[in-house]
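K.L.:
Going line by line, the protein sequences match chains A and B.
Count the first sequence with the numbering used here and you get residues 1 to 308, in order.
Count the second sequence with the numbering used here and you get residues 1001 to 1322, in order.
It is worth saying that the hints were derived from the structure and are not from the lab.
Computed from a predicted model, the values in this text were never measured in an experiment.
Certain hints may be false.
[What the hints assert, rightly or not] Now the stretches of chain B that chain A is said to cover, found in silico as 3 or more residues with beta-carbon under 8 Å:
| no. | stretch |
| --- | --- |
| 1 | 1108 to 1119 |
| 2 | 1221 to 1227 |
| 3 | 1280 to 1290 |
[Unchecked claim] Calculated from the model, a selection of chain A residues having no Cβ within reach of chain B, i.e. all distances over 12 Å:
| no. | residue |
| --- | --- |
| 4 | Gln65 |
| 5 | Leu154 |
| 6 | Arg168 |
For each residue, glycine too, the CB sits at the ideal point set by N, CA and C.
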Amino acid sequence: MAWFKKEKYTTLKRAKQKTKVPPGLVVRCPACMERVLKKTWDDALHVCLHCGHHDRLGAWERIEQLLDAGSFEEHDGSLGSGDPLEFRDTKPYSARLEAACEATGLNEGVVCGIGAVEGRRISISVMDVNFIGGSMGSVVGEKIARSIERGIELGLPVLIVCGSGGARMQEGILSLMQMAKTSACAARLAEAGLPLVTLLTDPTTGGVTASFAMLGDVIIAEPNALIGFAGPKVIEGTIKQILPAGFQRSEFMSEHGFVDIVSRRADLRPTLTNIFSILMHAREAAPRSAAPKPSTGKLALDATPSRV
Amino acid sequence: MAVSSLDFEKPLAELEEQISELESAEPESPEDETRLAERLDRSRVKLEGLRNELYGNLTAWQRVQIARHPARPHALDYIGAMFTDWSELHGDRQFGDDQAVVTGLARFAGEPVAVIGQQKGCDTKDNIHRNFAMMHPEGYRKAMRVMRLAEKFDMPLVILIDTPGAYPGIGAEERGQGEAIARNIMEMSTLRTPIVCTVIGEGASGGALGIGVGDRLLMMQYAWYCVISPEGCATIAWKDVAKAPAAAEALRLTAADLDELGIVDEIIAEPLGGAHRDTKAATSALKVALTRHLGELKNLPTDEMLELRFRKYRDVGQVAKP
Chain A
1 MAWFKKEKYT TLKRAKQKTK VPPGLVVRCP ACMERVLKKT WDDALHVCLH
51 CGHHDRLGAW ERIEQLLDAG SFEEHDGSLG SGDPLEFRDT KPYSARLEAA
101 CEATGLNEGV VCGIGAVEGR RISISVMDVN FIGGSMGSVV GEKIARSIER
151 GIELGLPVLI VCGSGGARMQ EGILSLMQMA KTSACAARLA EAGLPLVTLL
201 TDPTTGGVTA SFAMLGDVII AEPNALIGFA GPKVIEGTIK QILPAGFQRS
251 EFMSEHGFVD IVSRRADLRP TLTNIFSILM HAREAAPRSA APKPSTGKLA
301 LDATPSRV
Chain B
1001 MAVSSLDFEK PLAELEEQIS ELESAEPESP EDETRLAERL DRSRVKLEGL
1051 RNELYGNLTA WQRVQIARHP ARPHALDYIG AMFTDWSELH GDRQFGDDQA
1101 VVTGLARFAG EPVAVIGQQK GCDTKDNIHR NFAMMHPEGY RKAMRVMRLA
1151 EKFDMPLVIL IDTPGAYPGI GAEERGQGEA IARNIMEMST LRTPIVCTVI
1201 GEGASGGALG IGVGDRLLMM QYAWYCVISP EGCATIAWKD VAKAPAAAEA
1251 LRLTAADLDE LGIVDEIIAE PLGGAHRDTK AATSALKVAL TRHLGELKNL
1301 PTDEMLELRF RKYRDVGQVA KP
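Excised from the complex, chain B in its bound form (with noise of 0.2 Å):
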């Protein structure tokens, strides 16, 4: 997957093509090695300034497409680079073990964490494998299940979400998907270790809260986090699923917009472009940023842990009288 390959980032690929062209030509004499640098040189600036001037000014449709970007990486990725002794556990204990959320035991600079991921797949197979990060009750369950393993062994719950929502099937609605979700989201808010939640992608309304109700809420720059996804709200507002890149503007919900509704609390800067163009720089990101959440909430009393964690969602919202 060409790392460019979004429609508005096409001039930005064709740049690229260019200059990886001109990188692999053979100069056949000194003039020609020198012109060769120069139309290098001048590419090279052209492009920054090209990313700079398209980045810069992303709509929050853009952002989407990013957040949603086949090479971006994903939980397993951020769970390799940023966690030892990673140890996966598997299943719900009640029906199966639902491949779109990965759940286990690890290390975080050396203490014991427990990890939670929601997980999309490299390719069509391996997204046909993880049901595209959309997950069944099952998952849910599964989740939870890893959620009390935490509490019950005094380990902080670190929990990656990227989901284009719950899996909207029969056999989810007969398992009770409803259920498996409210569940989760009342447990959560008084279990009692400290959970650090971070959208590293998509963040679809129901099924991202479902793993998503804890002391901190961190949001990578280029992920989304809302009610509906775009193309559901074009889909309901305008009976137009091509009206998606409105609903994107409308619905406020690239991670700026949540910081500015007061919802999120740290966004992890990615590298220019998103995370997928330098991976590494991204999961370092979050990894500083996890472990100061993590240090902080370490040294809080879990009675006033828990009481700051029902006020943050006990006060959301906007009132007012009329």
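The following block holds chain A by itself, in its conformation from the complex (with noise of 0.2 Å):
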């Protein structure tokens, strides 16, 4: 029997780690595990240089990434959930808010504001993935909703960082609700004649990829990212198959035409600046009487002044 037991002591299984980089010294890439210094891991973004893994950020990681130093004003930060269902499952939705809080140092699962990306300054959302899973309840929507109008108010291009699982379905119909508030909204921003981005990042899936994440007039997602409709889970469930490797990726869905950039974390800045900077010339090259022409969706060939 010896050597029987010795064979079950050799079977060596990886644990699998949480995606959640623990603090000290030296961070592991949640996807290869390979060691790599936390500093060179913030400089790198939360990039793995291994493997090209980008890591899950909170908002305020993403925010401090995106947007030039300084430049960050946030509003609505103060607002926060109700329970209007009164919702419980194995524990009551108000403790799990309460939980996500204490966790997230967030009153809600998203950060909104103004800030400057190269000094350029946009109206911004950025969802956080560790509250709840990033999902959308009346609050989310609110903001975002607020955020699309704050563009409008201030004549900025509006950038919305997706990450997120869906609507939160602890507010039920009010949840879904918001799909169509902040898609009322993108409208008006569109009949507004100002660019609405969308970032997709991992993951972006149910009411908000079928919402505003898809509703940008340009769609960049960063690589590998996770980004359907369906969870994956629920496909199979449905299909009773295994689904392909690469499957609702960032790149199988810029292949099927759902995505406009692929994008690296590293290159997001100058992508960034360089889609607003192009989308806003006429806006901002026209004469204050000439402009705005909303809702044509063609070019004011007419108002675009001598190259200088």
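Take each chain as given, in its own frame, and dock them per the hints.
P.N.:
Structure, rendered in structure tokens:
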């Protein structure tokens, strides 16, 4: 029996680590488990130099990486969720909210405000997937709606950084209606002739995909992010098959025509700068009386001034 | 399909069976006939009482089951009964013709309308043909095509919602299920023609909302509408699909719940026990409500209507400051 026992000990199973990066001097990439110095990891924007894995970012980490230092001014930061359905499953929704606030230091799953990318001011919303899966309830919907409206009011382009499992089940129909609320606001932004750019990060699924995430004039995705409507588990349960590798990933979505640009994290700032600059060109160059020309969907060629 | 076929309807089904036996019994003598009549009377009174008791205290889960009742009238049943000059239109002009949704032109009280309805099957074969009313992206795009038609030719839209959800499959994802639904939701918010949506059975999540943005939202009394199905919620929250009844209760998904939450504009009363028990009555109740809402919307200037539609969605939700 002794040799039999020994066999058992030689079977090594690598423990699956949580995606959360532990504190300390050394970080392990949750995808390839390779060791990286914390400083290198931070300098690389939480992207693994070994395997290229783009680790998930909290909302404030994203803001710090994406926006010009010191440019961000938060709006609606104090808004928090109620419990309109008095929902409870294995524990009450109110307790889940409290735990999420505690764990993330946020009041809700999205941080919104005005900030600048390479000097250009934008109205920005950044979802945080660590807050109840980044799910969209009344407050997330409201904050994103306000962020779009702020863009209209100030004449700024709007960027939404998506990272969400979808609509928040604990607020029932009210969550579903946030899809309509945010999309109706996106329609108004389009009427005002201002660009909506969405940045899809891992994961962007469900009701968020089926509303503003897919409504960007330009849709950018980080590499290998899960992007889709139905979750892979739900699809596997329906078709009783294992899904092929790469299904519903950024590159797959791009191949099928639903993502414009798959951009490495390090390239996001120049990519966004270029897109905003080009899309805002006609509006900013046109004489004030000629602007704005809403919802024609055509370039205002006659208003284009001579090139400098 | 028996009318009282749901689990919780068993006592009813037994009594109904008894009554129909009594009704077909041949009395052998005048005394026998009297006895039979007495028994029938008693049973009918008992049935009435039982029905009132059962349907007067339905749980959310029981309502969900009624909404899914196989004998329940589906979109084409309502369309056939409420409209004239029905002319079905097919295809999204891009990929295919999704059978889970029917679209077409018709007249309602003589006036032209465009109609969109999610269509369940009446039996297994039909259900497979209809994909159980689970739409693919081409279905949402087919619906949008007809919405544009309605806008172009100044016809109001009557939309009948009845789906267990948008189809979760490989092809649906490849063709952009999320994009198709998102596009519809956005464009419906500014479509320049009146839109009246009615949930006639199941309204599951984005699959329903993808044809569900409008000026009015009506719900049949036993219909449900929510961000997720009770089964989906049970699987996520309890990791156990058998908890669906508890999930149905927690989700607040019945017509009465949605009325309390301020989402629904009108609940259409159904015959006791469900629309399938008296389809004619259910249809005519819906027709009366549609007539009123379409009439009101017709009298609104388009810009005002669109502003009201925007506010309807802009103001929804509960926000608190901690």
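K.L.:
Provide an ascending list of the numbers of those earlier hints which the structure does not satisfy.
P.N.:
Going through the list in order, the structure violates hints 1, 3 and 6 and respects the others.
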